[in-house]
Structures are given as structure tokens and as C-alpha cells.
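Using our numbering, read the sequence shown as starting at 1 and increasing by one per residue.
Some hints could be false.
[Stated by the list, open to error] The calculated EDC-like cross-link candidates involving lysine to aspartate or glutamate, where the alpha carbons are at most 20 Å apart (straight line), are:
(1) 192 - 182
(2) 233 - 70
(3) 386 - 229
(4) 132 - 355
(5) 425 - 355
(6) 325 - 315
(7) 325 - 227
(8) 80 - 382
(9) 281 - 262
(10) 132 - 119
(11) 377 - 70
(12) 392 - 382
(13) 232 - 390
(14) 377 - 390
(15) 281 - 119
(16) 329 - 227
(17) 325 - 226
(18) 80 - 226
(19) 325 - 70
(20) 80 - 70
(21) 80 - 315
(22) 386 - 70
(23) 386 - 226
(24) 451 - 315
[Unchecked claim] FRET-style restraints, in silico, Cβ to Cβ:
(25) 388 - 278: 49 to 55 Å
(26) 8 - 381: 48 to 54 Å
(27) 403 - 342: 32 to 38 Å
(28) 435 - 329: 23 to 29 Å
Bear in mind the hints are in silico, worked out from the structure with no lab data behind them. Given the structure is predicted, the values throughout are model-derived calculations rather than measurements. Ideal Cβ positions, reconstructed from N, Cα and C, are used throughout, including at glycine.
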Amino acid sequence: MKLNKKYGFWTVLVSTLAAVVGSSIIISFNMVFTLAGNNPLLMILAWVFGALIVLPDAFVVIEPSIGYQESGNGYSWIRKCNWRILAFWFGWVLILFVSATSLASCCSAMSSMITMIVEIDDKTIGAQTLQKALAIIILVSLAAIQIMIKNSNKYTQMFFLFVKTLPILLVFTLAIIYGSSDGLLSNNEMNKNLGSAYVSSAMLIPAITYTGFAYSGHEFPTYITEEIENPKKTVPWVMISAILIVLVIYVTYGIALLSLAESSKVVSEGQGTSAIFAQYKWAVLTFNIFAIFLFIGSVNSLLFFQSRLIHKLSETGDMHSIFGKVYNKTNQPYMAIILLGLVACFYILFSSIAEIISSFALATSALKLLLNASIIKLRLTDPNYKRIYDNKTFWILMILSLVTCVLTLIGSIYLMVIFPQASGKSAFAVLWKPILMIFIAFLVYLFGIFKFNNLKIK
Numbered sequence: 001m002k003l004n005k006k007y008g009f010w011t012v013l014v015s016t017l018a019a020v021v022g023s024s025i026i027i028s029f030n031m032v033f034t035l036a037g038n039n040p041l042l043m044i045l046a047w048v049f050g051a052l053i054v055l056p057d058a059f060v061v062i063e064p065s066i067g068y069q070e071s072g073n074g075y076s077w078i079r080k081c082n083w084r085i086l087a088f089w090f091g092w093v094l095i096l097f098v099s100a101t102s103l104a105s106c107c108s109a110m111s112s113m114i115t116m117i118v119e120i121d122d123k124t125i126g127a128q129t130l131q132k133a134l135a136i137i138i139l140v141s142l143a144a145i146q147i148m149i150k151n152s153n154k155y156t157q158m159f160f161l162f163v164k165t166l167p168i169l170l171v172f173t174l175a176i177i178y179g180s181s182d183g184l185l186s187n188n189e190m191n192k193n194l195g196s197a198y199v200s201s202a203m204l205i206p207a208i209t210y211t212g213f214a215y216s217g218h219e220f221p222t223y224i225t226e227e228i229e230n231p232k233k234t235v236p237w238v239m240i241s242a243i244l245i246v247l248v249i250y251v252t253y254g255i256a257l258l259s260l261a262e263s264s265k266v267v268s269e270g271q272g273t274s275a276i277f278a279q280y281k282w283a284v285l286t287f288n289i290f291a292i293f294l295f296i297g298s299v300n301s302l303l304f305f306q307s308r309l310i311h312k313l314s315e316t317g318d319m320h321s322i323f324g325k326v327y328n329k330t331n332q333p334y335m336a337i338i339l340l341g342l343v344a345c346f347y348i349l350f351s352s353i354a355e356i357i358s359s360f361a362l363a364t365s366a367l368k369l370l371l372n373a374s375i376i377k378l379r380l381t382d383p384n385y386k387r388i389y390d391n392k393t394f395w396i397l398m399i400l401s402l403v404t405c406v407l408t409l410i411g412s413i414y415l416m417v418i419f420p421q422a423s424g425k426s427a428f429a430v431l432w433k434p435i436l437m438i439f440i441a442f443l444v445y446l447f448g449i450f451k452f453n454n455l456k457i458k
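Let the hints inform the model, and build the full structure from the sequences given.
Structure, rendered in C-alpha cells:
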């Protein structure tokens with residue numbers, strides 16, 4: 001069943017900002033600071049460079065998105081190259097290691113904040129089990145709301161975007177009242193061991209890779225192009241505007257938090273963002289309550305646009321037709337939402353937030369390389385491909401995008417293998433999950449070979 005064209009510029013922009021803003025920076029702020037060598041200046045630069053890395057990717061995907069006007073992002077374009085097996089692999093890997101990890105990280109973080117509010121010690125096994133169960137309950141509840149309530153996305157995105165600004169505005173307010181430039185933002189702190197911090201942070205590549213998770217969601221319009229009114233104008237303006245708006249928010253938010261931190265230890269201990277201003281108990285409670293609503297908005301947006309990819313796979317035969325079913329009363333692909341939720345539950349049960357984000361970074365880097373290869377082929381060979389860039393501009397953007405893909409691929413390997421070992425984990429504890437991830441990706445590709453060549457295992 002086809003989805004209707006029903007989303008205008010402001011709805012798409014608000015939905016994109018709701019998908020990007022807030023939850024990811026709260027999840028990743030402390031880790032980025034650690035990866036930047038506990039240096040405030042390098043951390044701020046990591047957020048800026050993260051946006052600069054995202055921009056070439058955004059410019060590259062704009063051209064095929066508005067040219068073909070099809071939902072499904074890179075999956076649709078890889079299919080147009082007649083790379084059926086690779087398209088099948090791309091779609092499934094995106095669902096298993098990108099879409100599901102985004103959902104799982106938000107639900108896990110939300111559950112952690114709820115247990116913090118009720119003052120449950122999260123270091124005990126019972127409390128950790130409770131956190132995981134609560135995260136799953138949250139995910140199931142939000143998925144049910146999206147499936148059952150008509151126009152829930154159209155009318156709630158503006159509300160969730162407003163709610164998402166509350167914890168950020170609280171941090172800004174605290175910075176104005178209690179912030180100081182004498183601590184981490186002093187010239188002495190920012191210039192202290194700057195060179196050695198830069199080298200020890202592996203030239204910021206892992207930190208920049210980690211910020212990529214915080215900018216994820218900017219590609220939202222390309223997942224729902226078929227449902228956008230006037231996509232030729234809406235898609236590029238939304239994507240570029242969203243990235244620049246988010247960059248400003250993230251940098252100012254980071255500076256505000258640093259003005260509240262008395263030492264680098266407070267920021268890098270991994271106790272959560274609210275630990276930075278723990279001396280103000282009322283602020284910690286308020287921040288966590290606001291953040292919970294923020295995460296609800298993020299999950300709502302992720303379920304919305306990530307489920308469209310599954311719907312697209314079902315339409316093209318790369319997934320069982322049952323996942324293309326649409327609930328008539330709400331025009332929502334309910335079976336796609338259910339599948340996405342089930343995969344996310346696996347990550348909630350068996351991975352920490354840091355491990356989830358590392359898996360996300362590795363998968364997105366590999367998929368972007370394949371995506372860029374498909375865009376190059378279509379531009380050179382498809383007579384229906386509508387060019388919006390001249391050749392010089394296109395190749396400059398493509399080269400920049402490929403370079404950033406390689407950098408983030410290196411950064412993701414560092415995050416998954418080198419950094420955990422440096423933290424004292426055994427080789428087995430570090431390696432079994434990335435090996436399993438690669439093995440599953442290989443099995444998906446192998447299944448695609450059998451599927452499209454009509455091979456049978458004897």
C-alpha cells in the first residue's frame with residue numbers, strides 16, 4: 001500500500017530537528033570529552049569537525065534524493081544500479097546495525113535516567129536487569145502509540161521539538177547563573193598539554209567519529225521523500241538548515257556544560273551529563289525529567305522514519321510482504337515498526353550504550369562507502385539521473401565524502417577495539433562483538449547470493 005504525500009517544509013524540518021537534537025548529545029557528551037583528551041578546546045573542535053564531516057555526505061545524497069523522489073535513501077539507489085545482492089545487504093545491515101542501535105541507545109538512556117530519579121543503584125545486577133526491562137517497556141509503549149494514534153507524527157513533532165529544548169535551555173540557564181570561565185574554560189585549562197592531548201586523542205578522529213552519532217538523523221528527509229510535498233525544494237533546504245542549526249546548538253550547549261564543570265574528572269567519569277552540576281540537586285532532577293521527554297521525542301522520530309526503510313524493502317521483495325502492511329486507520333507501516341522494535345530489544349538486552357554507538361559508527365561508515373559508489377555509478381550511467389551539480393562540484397563533494405567515510409571507519413575500529421583494550425578489557429571481551437557483527441553481515445550477504453541466484457543448499 002502506497003504512503004500519501006502529506007508533509008510540508010516545516011513539518012519535515014521540525015521532524016528532522018526532533019530526530020537529531022538532544023538525545024544523542026546527552027548520551028555522547030562525556031565520551032566525546034574523554035576521547036578529546038579531556039581538553040575543552042579539542043572537545044569543542046570535535047563537535048565542529050563532526051558537522052563538517054556530515055555536510056559533504058548531506059550534499060552528496062541530496063542530488064539522487066530529489067532527482068528520483070523515492071523513499072528509502074541509499075537502498076533505492078543501490079537497487080537502481082542493479083546491485084540486487086548489495087542492495088539487499090545494505091537494507092538489512094542498515095536495519096540491524098544502524099536503525100535498531102539508534103532506538104536502543106535512546107531507550108537505554110531514558111531507562112537509566114528514570115532509575116536515577118528514583119535513586120536506584122544501577123551497579124547491582126538486579127538494578128541493571130530492571131533498567132533493561134524498563135527500556136523495553138518504553139520502546140513497546142511508544143511503538144504502540146505511533147501505530148495506533150492517527151497523525152501522531154504530524155501533530156506531535158512540534159511538541160517534542162519544544163520538549164527537547166527544555167534540558168538544553170536548563171543547561172544554558174544554569175550556565176548563566178552558576179557558570180564560570182575560571183574552570184575548564186580558562187585559558188590555562190584549554191591550553192594545558194594541548195599538543196599531547198591532541199596526539200593522545202589520535203588526532204581527534206575517534207572523538208569526531210563519536211559525534212557522528214549525535215548528528216545522525218539529518219538524512220531524515222531522504223527516507224520519506226515520497227511523502228514530502230515539493231521535495232525538490234524541501235529536501236535540500238531541510239538537510240542543510242538542520243545540520244547548521246544543530247551545530248550551533250551543540251557547540252553552545254557544550255560550552256555551557258563546560259562552564260559548570262569544576263574539573264575534567266567530573267565530565268569524564270561517565271556518570272551522565274547531570275553529574276556535572278550534581279551540587280544543584282533541584283537542577284539534576286529537573287534536567288533528568290526534561291531529558292526523559294527529550295528521549296521520547298527521539299524514539300518517536302526514529303520509529304517514524306526508520307520504519308519507512310523496512311516498508312520499502314517489503315515493497316521491493318527484499319523482505320517478506322508482511323512487513324509492508326499498513327494500518328488503515330493511521331496509515332502507519334505497523335509490521336515494519338514491530339520488526340524494528342524487536343531488533344532494538346536485542347541491543348537493549350545484550351549491549352551497553354558505548355558498545356551500541358560503536359556498532360553504529362562502524363556500520364554507517366561501511367554503508368556510506370557503498371552508498372557513494374552507487375551514486376557515482378548512477379550519475380555516470382543512468383539516463384534518468386537528474387544532475388543538480390556540475391561535474392567539478394560533484395567530484396569535490398564526493399571526494400570529501402569518501403575521505404570522511406575512511407576517517408570515521410578508522411575511528412570506529414579504534415572505538416570498538418583499541419579504546420576498550422586501553423581501558424583494561426580482555427581481548428576476548430573486546431573482540432567477540434565486532435566479530436559477531438561482521439559474521440552476521442557476511443551471513444546476510446551470503447543469503448542474498450542464494451536468494452538472487454536461486455541457489456539451494458543440498
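What are the numbers of the hints that this structure violates, sorted from low to high?
26 and 28
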